[in-house]
Amino acid sequence: MLEQLEQFKTQADKAITSANTLQELRDVEVHFLGRRGKLALLLQQLRDLPQEERPAAGARANELKKDLIAALAHRAESLKGGTPASTSHVLDITWPGERMPYGHIHPLTRFLRLVTSIFSSMGFEIIEGPEVESTKYNFDLLNIPKDHPARDVWDTFFVRSPEGVKSAEGDLVLRTHTSPMQVRAMETRTPPVRFIVPGRVYRHEATDASHEAMFYQCEGLVIDRGIRVTDLLGTLKIFLQTLFEKKVKIRVRPEFYPFVEPGLDIDMSCLLCDGKGCPACKQSGWMEMMGSGMVHPKVLTNMGVDPKVYSGFAFGLGIDRLMMLYFGIDDVRLSYQSDMRFLEQF
Amino acid sequence: MKLSLNWLKEFVNISETPEKLAERLTLAGIEVEHIEQLGGGLGGVIVGEIKTIIKHPAADKLSVTKVDIGKGAVLTIVCGASNIKVGQKVPVARVGVTLPGGVTIEKRPIRGVESEGMICAEDELGLGKDHEGILILDPAAKAGEKFIKAFGLHDVVFDLALTPQRADLFSIYGMAREVAALTGATLRDFTAKPLDSVKTSPHLSVRIEHPRRCPRYAAGLMTGIQHVQTPQYIKSRLIASGVRPISVVVDITNYVMLETGQPLHAFDRAKLATGKKAVLSVRQAKKGEKLATLDGKDRVLDSSMLVITDGSRPVALAGIMGGRDSEVTEHTKDIVIESAIFAPSDVRKASQRLGLRSEASLRFEKGIAWDLPPVALARAEELLHQSTGAKAAVNVLVSERDPKVRLIRTTVEEINGLLGSAIPEKKITQYLARLGIPSLREKRFLAITVPDWRHDITCSADIVEEVGRMHGFNSLVPTYFTSPSKPVQPSSLYRVSDNIKDILAASHFTEVLTYSYYGAAIMPSFHLARHDHFEVINPLNPGQQYMRMTLLPGVLEAAAKNSPLRETVDVFEVGQVFLRGHHHLPREDRMLALASLGRVSRFYHLKGVVSALLAQLGVHPSQASFHSASRVFADVAAEIKVGGKKIGFIAELRDDMLKSFKIRGEASCAELSVDVIASLAARPTFTRVPAFPSVVRDISMVIDPSVTYQSLIEAIRDIDPLVIDIIGFDLFPLQGKKSVGLRMVFQSQERTLTSHEVDVIMQRIEDRLRSRVSAVIRKAGETTSPVTQH
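Quick note, the sequences are listed as chains R and U, same order. My numbering applies: residue 1 is where the first sequence begins, and numbers increase by one. My numbering applies: residue 347 is where the second sequence begins, and numbers increase by one.
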């Protein structure tokens, strides 16, 4: 019996190596391993063997079947042209692995995910909002009145609706910041809240290596009883340290944003020189990271929140600029040029 | 704004280095963008006095001068300028001196006359573009003195990025007040005290028709102007501030504006309506009224603008620019100086409408302090008297209302509560006092009087900021909020969008981000019409004029851009499109667009990716159906539906589209609604893993090319419940027909199938295929290799 099995193996091996197409290989498979194939016939004969010979023969038959299946698969692979046929089972570990193509997530998406995951871990909700806004939400409710010089800061794209309809909410604009969502989101929420709003914003300005007319921002808002400037400082410091995986220092400078008071710009000690001064930070040792501030009482009122009871802080991150710093990219326009030689690096 | 530290020092002592002061200001919210040391590279230039000028013997246009450079030294210098006169003080560069332009002066003969230096023009000193003539210095300059000292260039200038709400900082005095508050130094006041003024006089009167739009107007009549040179220190400070000196009257009004923040305007008294009395009237402009402004342009006015008239015609556009007809010239003897307050929003609207912004309008639209007009007028009269000998004859001051007193009540607890600090009350009131903000304790409240120059302080949060700035925000100790947070999940749209990106990246698709707008040029190709779009009124270029209604143009363009470099390109984008909605805002739908480019058709590849994507999001392939559709840009297109809901389409691009996108090879694309996918995405449902093995049989056949896969499936799907899956695995053309391979999966939940059972069903399948689709069966057989379950 065992002899027959060895004979079977020799025949099968020979047939497998001489199969030159996948179809031939399949025929070989059917012939040897099929339901009415050679091995099946041999196995039927097992029953006629004396009791004591049966286990050894059975084990050998199973072994042969396994070898055969492996040999078939291997031959099939080599017929498909994947890996070099190796008869001796010696693997060349320096041979390149099979080419596994994979796609790439845009660096801005990757970076935004990092940002949102850090804020998520701090209990912030992630929400989104419209990119075409009314001046009411983009400016008025944020304490940026019409005919006020403060509006000059935002170079605005104006939008005409297909019908040209005017609305009580003022002209349509491409949102110049993600801040309108502060008020919009609070229309359906009550304090305490913590949320961030990532998304596209638009500024009417000429593009160059450090300016794009379209870019991403991430707004943040926290409202609760007893929120203080020091909470703002602590939260954003923790965020920056987590983001850059470094014990960075922060410093603040008062800055004017009509929807916060006090308004504060957050600087971070330069990542490259640790604050000693280098070309990247213009020798100042500091890098400008984001705008922030305590929500203006007028804006709280516009949100339907009583400024006597609640206070809050808001912040806005320029995602493109931070992403460039994070990955060491030197031209903001690369993000929107769809060059695979750029995108495939991420 | 440019801030001359020399000028600043007139009002406040500065003990810090410029760098330290800049840092202190920056950390108090007054950003110093740049520190400039004036007179750089001019250290070697000295003052010379021209003693004699003779014509050059060999050149008509050249002169030979003798120049006294102090300590008895006299140089012979050849000069080509025509504006030099004996006795003038001029900048001289001696042999060996290198000028800012890089030129080093050498001793050399010019047309045979040895020249021992150079008399310099403005451009040669790097001070401007003027090469018209030599820069003539103030007669008071001393020969041999360093030029930078004589010309007031030993100065440091800060370039400030001021924020619009701090109107009070747009002046030297305002900055001095801030520096004094921040450093604790003492602020010096103006020497000029406002003269007594009257409401009207026999020589001058002011009439205001719109008190709300012009609440305060001061005017002063000065007589006997002599048109002398503007004093050098005034010129130097104007230049340091970026303002070009013009003539003594204009220079002094500009000087006072920069110093106090109050814009002034001077009228030539003789050019105002004649009569014994000059009358200035402030009124609304008439529609279509014309005024020739100082910049030489004819302006057409409308009723939203405010003008100053001399009783009969407009002589100035209030707060923006004076009229040419009443301009002060070198013949002017008497002048009327205006120092007024105009409503900020009026000035802003008018200047926007006329496209005319000036240093004056910039300050008016931010707001002028109530007390300022008479102070600035007095300062101008003082300086004009000192330099031109003119006399202030009469001052008129009309105030249409009382000054507004603004009070803010807050508490020490509120201030510390918002800052997270523990600053004692005494310290808080001291900080405020240094800023010129008086405060009084009234029971538990601090009653704070807002000074008239601080338009930006309107509520207690503004006081918190002032205290924070004075205390230093950086001395606060960061905390982390202690209140717990509620667990929150992003919307399913957000999560599905994110999932899609991961799934597609794993399927060899690369994410692109393209612009949210496109131009009208691409519309016909996609059967889009301009009038359906939300339109950008002021686009940067015509290619960015319309908000996208589809992501396809952007994604195809992105793919096409990369196609010359590689055999296949697979890209996608997830983003917003802007559609007409019921609301005044567009309906912003979230879409997914994919493009797949290759040498041969990528249709089945893309279809497979889309099916796998849907499957991974919980939409079973059997729920998705593809229906023949037409798209103007496609040879072949199919609408994709899930359970009757349209979710998008997939298409193979037409040749002319390939050409217009410069794609070599073939391209397929698809666009799907992420909103709809998100509404369908479901949690996977569990079915028991089959306890009995499945049997797989292949069947290959030759059929007519018109027979679709769908009709094959329909022909045999219901043949027996034991057929649990049918998969097309092989398709190729064969002698005018097509060869198709189908893989049949048989399985029972109750038992292991016998091959006889399967054989019987297979026979029925063969018969069915022969009869329904006239198939010629090539081969049917079994296979033992495991088949991946889909």
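It is possible that part of the hints are untrue.
Examples of chain R residues lying across from chain U (beta carbon under 7 Å, computed) [unchecked claim]:
| # | residue |
| --- | --- |
| 1 | F244 |
| 2 | D306 |
| 3 | V309 |
| 4 | M340 |
Derived coverage of chain U by chain R (criterion: at least 3 residues anywhere in the stretch with Cβ under 8 Å from a Cβ of chain R; other residues may be distant) [to be verified]:
| # | segment |
| --- | --- |
| 5 | 369-375 |
| 6 | 856-865 |
Derived from the structure by calculation, the hints contain no laboratory data. Glycine included, C-beta positions come from ideal geometry on N, C-alpha and C.
Original post:
What hints, given by number in increasing order, does this structure fail?
Top reply: Violated hints: 1, 2 and 3; rest satisfied.
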